[in-house]
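Peer 1: In order, the protein sequences belong to chains C and E. According to the numbering used here, the first sequence is numbered sequentially starting from 2. According to the numbering used here, the second sequence is numbered sequentially starting from 15.
Incorrect hints may have been included.
[To be verified] Below, in silico cross-link-like pairs of lysine-lysine (DSSO-like), each with a Cα-Cα straight-line distance of 27 angstroms or less:
no.	chain 1	residue 1	chain 2	residue 2
1	C	K225	E	K376
2	E	K473	E	K376
3	E	K167	C	K225
4	E	K473	E	K439
5	E	K377	E	K473
No lab work stands behind these hints, which were simulated from the structure alone.
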Amino acid sequence: MTITSTPTKAPLGNPVAQKASGLFKQRELGIVLALALLVAYTAIDNPRFLSGQSIRDNLLNTAILAVMATGQAIVVITRNIDLSVGSVLGISAFAVATLMSKNQDLPMIVALLVGLGVGAVAGLVNGVLVRYGKVPALVVTLGTLYIYRGITYSWAGGSQVNADELPRHFLTFANDSILGIPWLVLIALVVIAAGSIMMRNYRVGRELYAMGSSPAAAELAGIKVARNLLGAFVLSGALAGLAGVLYAARFGTVDAAAGTGYELNVVAAVVVGGVAVFGGSGTVWGAALGALLLTVIGSALAVLDINQFWQQAIVGALIILAICADRLVAFRIARSLRKRDAHV
Amino acid sequence: MAEANARPEDQPTRRDEQPAEAGDGTAAQPAARSGDRSGARSGDRPARLEVHDVAKSFGAVAAVQGVSFPLYPGEAHALVGENGAGKSTIVKMLAGVHRPDTGTLRVDGVDVDFGGPGDAKAAGIAVIYQEPTLFPDLSVAENIAMGNQPLTKLRQLDRKAMNANAERLFRRLGVPLDPARPARGLSIADQQLVEIAKALSSEARVLIMDEPTAALSAVEVERLFSVVRSLRDEGAAIMFISHRFEEITALCERVTIMRDGKHVATELVADLSVDDMIRRMVGRDLSALFPKQDVDPGEVVLEVEGLSREGVFKDISFSVRSGEIVALAGLVGAGRSEVMQAVFGVDPYDTGTVKLHGRRLKKGSPRAAMAAGMALVPEDRRQQGLVMELSIERNVTLPRARKLARLGLLFGGSERAHAHTWTQKLQTKLGRLSDAVGTLSGGNQQKVVLAKWLATGPKLLIVDEPTRGIDVGTKAEVHRLMSSLAADGLAVVMVSSELPEVLGMADRVVVLREGRVAARLERAEATEESVMYAAMGQEVAA
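Given these sequences and hints, build the entire structure.
Peer 2: Written out as structure tokens, the structure is:
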């Protein structure tokens, strides 16, 4: 929840609801805490974990995931899901890499716009199928996950774009900094900030929360559900497309398999970041924190010389922990409601 | 005669305004007041909202036909009718959820065509549904402001203004709610007040309330009414739907009565007695009588004693003998289905006992109930009774699959033979047994559900709304079937909202009202009036 103002008075005092909203706040606080503990423990073991280069690497690795998590969080808040983001990243990365290798003089901004555009189209297809095909988003985006990946494979036909084919300015973009902040990180921060502000302070953001909180009530309230839903999917697609450009710039070598399996990392980041899978609550910056936490866990385990396979188990445990927290809140509220109704 | 409830003193608080007292206490005085004000109101003023000759069908079912009535500013107008009379359809048309097939809606004399709820809202119509439609994750203030939030210069939400606005509305309504708290966890009464605040903030000129008092206590109803009265006096047009006559006489000046989707009358409340209203609501010809063969009832099969579940139903007792059909009647929401679900073990209950053939049933175990010889045909056959995608034969044999299986495997042959016998017995019209159940008509689907359960050889059959959504011809067949099953010694409990069905089929009628037994009527004393009186908590006017 994003209710930050402290209740001035609570005459009908409902401790459960207050505890619940407190718990929501703790969710994001909990991530920060977990992150701090993890960093502290790893740094004690190996102080180099806090070196400039290490921090920079962590942030760069988080950037792409966080951009996608922003879009995913918005979709999940509307009680939907977008599983196609990994494939959208792939198709956008390949399209932009191919374009840049053939037109060496194109400025970076064009690459970014092309990536956004490719992603937006892919997202629009998802949204249209979900809204007008009346198919659950899980099924639609699982389908388009394979379709978009299939298109990329048949387009690439086994070829790949290598770093030496790409223009220099494109490749250096990933490492260039402005005021000491890498472009990649800056873009991610801008995306997260814009997403957070939109969801928190703009009418459309609140309507998206409303849609996820109670779809039926949203229709009855006269919210433009179709427009908003398409918007959410287009946004998620566009951000995945943007992530594709960043991916191509950062890794240089792009083949048709780029971003395979990313969707699960993204969903994991969003869920760990406190966005309720049943929609209606959670924040964009929480999801971004989730992305950071997952990335840091990965690098910390490497520094601590723990088998990488543990990483997956830990991510899994975090997801289950996050969902348990969701259910616990829902269960408590349901129980308090039942008690209340009983004595009425 | 309706037998008055045994122990009124231990009723929960929300049922304080009960039959006997409420009839004269709360109603009389405001009714007199509304009598002299109504004449002046409904006369020459232009209608704020006019429903003109609207009709709406869903598939072959005509939900509403040729209904017209005006709604004047400064008037509270009641809409009454039995379950399924078409009230909710009218509400949904006014809310912009459904579009009338024919006819027009007029707001301030101008024809309107609502493309969606947003349009109705923009036209100044606010609807408060029986089930509040709040967003649990958002704050109360945000819920109120949704759709027309105050914005700052940068088109951002102005949370301060939003909270201040909510606070102002709550002060006006006289309710101490915190605008910043989330809507989740609010009581139904508070949720309804938030809905009213929502209507106020959008400056609605027409307020439609669909059974807003169903879940409220007497005190909460009074608070709601004082708010509604002040809105009305400020010139809003109020449409009020309720099953409680004392509320209608207390609040409304005029009433529109609907029956079977048609408009019966629009009159001044003061000119009608409660008797008149009920008679017009139910007054249909009973030509399509439902034949129940007379059977000498045998031994007691089902005995339910003192069954209670907190907040749902309380102290329910009745028994059913073999060869008997006992109907559970009452309004929607009276707890009929809930009682039977508890008897069957689908839902839990807190206290009481369920005995089948004198043996106490384990609670909360449908498996034990089935093993003891109970079968339940649920209300919603699409959701609960059938697997629509599976074939007819699979559906029929589902509960018996274990017995038909050999070495744990099901073979098509025995399944088919079994399904064939039963669909034949029930004269189900079908193409092939291997067709999906979803392809059958509603009536035939119902027969498949019946076949499915009859095939298990039950001693007690519970049917919940056995003929809902079934055409008249098939309806009669289902009735004939139930009657002959009873004649063969089956004990039947029927939950039904259709009075003619209850009166035609039942040997005895148990009327529930708000989770309690309001009356037990023998066949001879069960009439449309006596059942409706008991269901609505009125005294029997003999």
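Peer 1: State for each hint whether it applies.
Peer 2: Hint by hint, here is what the structure shows:
1. C:K225 x E:K376: Given that 27 angstroms is the threshold and the Cα spacing comes to 50 angstroms, the pair is violated.
2. E:K473 x E:K376: Roughly 17 angstroms between the alpha carbons, so the hint for K473 of chain E and K376 of chain E holds.
3. E:K167 x C:K225: Distance of about 23 angstroms is within 27 angstroms: holds.
4. E:K473 x E:K439: holds, 18 angstroms
5. E:K377 x E:K473: At roughly 18 angstroms apart (the allowed maximum being 27 angstroms), K473 of chain E and K377 of chain E satisfy the hint.
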